[in-house]
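Q: Sequence:
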Amino acid sequence: MIEGLDPKLNNLEGVAKELKNKYACGGTAKDGYIFLQGDHRDTISETLINLGFSESSIELH
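Counting in this note's numbering, the sequence shown runs without a single skipped number right up to 61 at its last residue.
It is worth saying that the hints were derived from the structure and are not from the lab. If a hint is listed, it holds; no wrong ones were tucked in.
Keeping only pairs whose Cα atoms sit at most 30 Å apart, straight-line, the calculated DSSO-like set for lysine-lysine is:
| # | residue 1 | residue 2 |
| --- | --- | --- |
| 1 | K8 | K20 |
| 2 | K22 | K8 |
| 3 | K8 | K30 |
With beta-carbon atoms standing in for the labels, derived distance ranges:
| # | residue 1 | residue 2 | range |
| --- | --- | --- | --- |
| 4 | S56 | G26 | 27 to 33 Å |
| 5 | M1 | S54 | 16 to 22 Å |
| 6 | K8 | D42 | 27 to 33 Å |
| 7 | K8 | D39 | 27 to 33 Å |
| 8 | A24 | S56 | 25 to 31 Å |
| 9 | L60 | L9 | 16 to 22 Å |
Glycine residues also receive a C-beta, built at the ideal position from the N, C-alpha and C atoms.
My request is simple: use the sequences and hints to build the entire structure.
A: Structure, rendered in structure tokens:
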């Protein structure tokens, strides 16, 4: 689960789609969170930073 990304400033559905394609997994964006199937915590932060998100705004669970 990814949180901390402002849904008013970011197209969470588009970000979720891009992440699902990159990690070849299922997932969804709902209620300000992005849910991905599988454990991608070791690389997802770097990917989000490369997409332009600040490291301090990313919270992974």
